[in-house]
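S.K.: Chain by chain, the residues run as shown.
2 protein chains.
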Amino acid sequence: MSSACVLIIGNEILSGRTQDTNLNYIAKRLVDLGIDLLEARVVADDEAAIVQAVNEMRSKYDYVFTTGGIGPTHDDITSDCVAKAFGVKNVLNPKAVALLQSAYKDPSALNEARLRMAHTPEGATLIDNPVSRAPGYQIGNVFVMAGVPKIMQAMFDGVASQLSGGAPILSRTLSAYLAEGDLAKPLADLQELYPDVAMGSYPFYRARKFGASLVLRSRDRNRLDAAVAELAVAIRAFGVTPIEDEPVDD
Amino acid sequence: MSSACVLIIGNEILSGRTQDTNLNYIAKRLVDLGIDLLEARVVADDEAAIVQAVNEMRSKYDYVFTTGGIGPTHDDITSDCVAKAFGVKNVLNPKAVALLQSAYKDPSALNEARLRMAHTPEGATLIDNPVSRAPGYQIGNVFVMAGVPKIMQAMFDGVASQLSGGAPILSRTLSAYLAEGDLAKPLADLQELYPDVAMGSYPFYRARKFGASLVLRSRDRNRLDAAVAELAVAIRAFGVTPIEDEPVDD
Numbered sequence: 010m011s012s013a014c015v016l017i018i019g020n021e022i023l024s025g026r027t028q029d030t031n032l033n034y035i036a037k038r039l040v041d042l043g044i045d046l047l048e049a050r051v052v053a054d055d056e057a058a059i060v061q062a063v064n065e066m067r068s069k070y071d072y073v074f075t076t077g078g079i080g081p082t083h084d085d086i087t088s089d090c091v092a093k094a095f096g097v098k099n100v101l102n103p104k105a106v107a108l109l110q111s112a113y114k115d116p117s118a119l120n121e122a123r124l125r126m127a128h129t130p131e132g133a134t135l136i137d138n139p140v141s142r143a144p145g146y147q148i149g150n151v152f153v154m155a156g157v158p159k160i161m162q163a164m165f166d167g168v169a170s171q172l173s174g175g176a177p178i179l180s181r182t183l184s185a186y187l188a189e190g191d192l193a194k195p196l197a198d199l200q201e202l203y204p205d206v207a208m209g210s211y212p213f214y215r216a217r218k219f220g221a222s223l224v225l226r227s228r229d230r231n232r233l234d235a236a237v238a239e240l241a242v243a244i245r246a247f248g249v250t251p252i253e254d255e256p257v258d259d
Numbered sequence: 010m011s012s013a014c015v016l017i018i019g020n021e022i023l024s025g026r027t028q029d030t031n032l033n034y035i036a037k038r039l040v041d042l043g044i045d046l047l048e049a050r051v052v053a054d055d056e057a058a059i060v061q062a063v064n065e066m067r068s069k070y071d072y073v074f075t076t077g078g079i080g081p082t083h084d085d086i087t088s089d090c091v092a093k094a095f096g097v098k099n100v101l102n103p104k105a106v107a108l109l110q111s112a113y114k115d116p117s118a119l120n121e122a123r124l125r126m127a128h129t130p131e132g133a134t135l136i137d138n139p140v141s142r143a144p145g146y147q148i149g150n151v152f153v154m155a156g157v158p159k160i161m162q163a164m165f166d167g168v169a170s171q172l173s174g175g176a177p178i179l180s181r182t183l184s185a186y187l188a189e190g191d192l193a194k195p196l197a198d199l200q201e202l203y204p205d206v207a208m209g210s211y212p213f214y215r216a217r218k219f220g221a222s223l224v225l226r227s228r229d230r231n232r233l234d235a236a237v238a239e240l241a242v243a244i245r246a247f248g249v250t251p252i253e254d255e256p257v258d259d
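Chains as they are written, first to last, in my numbering: chain C, 10 to 259; chain D, 10 to 259.
Hint data in this document are derived by calculation from the structure and do not stem from the laboratory. Be aware that a few hints might be false.
Copies of the same chain look alike in the list, so a pair counts if it fits in one copy or across any two.
To be verified - The list that follows gives simulated cross-link-like pairs (lysine-lysine, BS3-like), each with its CA atoms no further than 25 Å apart: (1) K114 with K159; (2) K93 with K69; (3) K194 with K114.
As the structure is a prediction and not an experimental result, all values here were calculated from the model.
Go ahead and model the full structure; you've got the sequences and the hints to work with.
M.R.: As structure tokens, then:
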């Protein structure tokens, strides 16, 4: 069983300019890969903050996925910081140079700023960017990816097959037009019987009625199905019909 | 000048079930309040992880805003964890009980599960919940709020006036149909001249053309406007017209 965390790098997330969607994409993918995503952090374009976060996370988790800060402008400092975190130099990578050269018809376009995108920490291996060429890279257990969602997703897809996961984390959801406060006791009792099935309760309000979606997650299909069956009985005891999957929130 | 961080608590964010939007809301509000949001973290419904994050963040930042985990079900463990982080008991709060009593017509509805929502760490003061009554609270520099966006927003609005900020962080954006790699050098030069104006570059692709939005941020209106004026000159030097504000990404 492997653990992971996501490190989102960028002032634009912390200023509210940009709504991050990369965490949600990676989170869903890791569920399918059977890798436990245990934490995510958002830090500013600040060297000390990035270096500290990279070092804390790479010692704590099996995989660290970073997004953002690998473009050509002065605020793109992720590679300098990752190199510093690993105690190596951030050097020109010949393979990355070749990739960038292939992207520009005019050789003079590969100016000093763009060559920043061809620098990687010593020892890094490249991650392909089929969208705009400038690559991401892996060093140790840290995967450094772009911030632009389309590019990040393509990069993640490229490395996903190399990651060691476990059995996929399976999920089933029962929803009911019942208040969480009424469901809480039977749900807690069920959780005690099924410590290997994680149970979460998420309230919703739809068509002027309160309800809750009960999300059950486990790697064991039989245990998951058994818990869902017992939960359905508990919901019916209120005279309410459980709904598989969930109503959309208002 | 005050600093802040956001702590998002909940398995549903790390499993990808839920796309968080609370960080973005709080981020924008803190900009207007002149408070620097320096970090955000997402942790699971896990006691050790929550306690550690609360203690790290409350010693590091002036304000900590938590979202999630204060409902009636067994997976709502935020209050137990915040109490543990502060080394106090999580106790029944008479004012919170009164608020919940006012919310239910039938007194028997206030069962043991719902009374969990009336527990707060010793020494906490309540934060009003005009949506569904169950309050949030403040203890020390930690503001504990609901995870449901409508409720979280109402709670934040209720405490915003108590927060000590500085001058609001002002922002102007110039966009240009120019590649980031071409803009990088003049932008870096400008950043050196204006260390008090934070400059970020965000690429976009629209109507089959690449461009970049250059976001300049400062507390000083004069410096901000001067930097924007110089940036406009630099963009025009490429024979391109700068656009105030930004095109929508594809």
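S.K.: Each of the hints needs a verdict: does it hold here or not?
M.R.: A quick look at each hint next to the structure:
1. K114 with K159: For K114 and K159, only the intra-copy Cα distance (23 Å) is at most 25 Å; the inter-copy one is 50 Å.
2. K93 with K69: both (18 Å within a copy, 23 Å between copies)
3. K194 with K114: Between copies only: 20 Å across chains, 66 Å inside a chain, cut-off 25 Å.
In the structure shown, no violation is registered for any of the earlier numbered hints.
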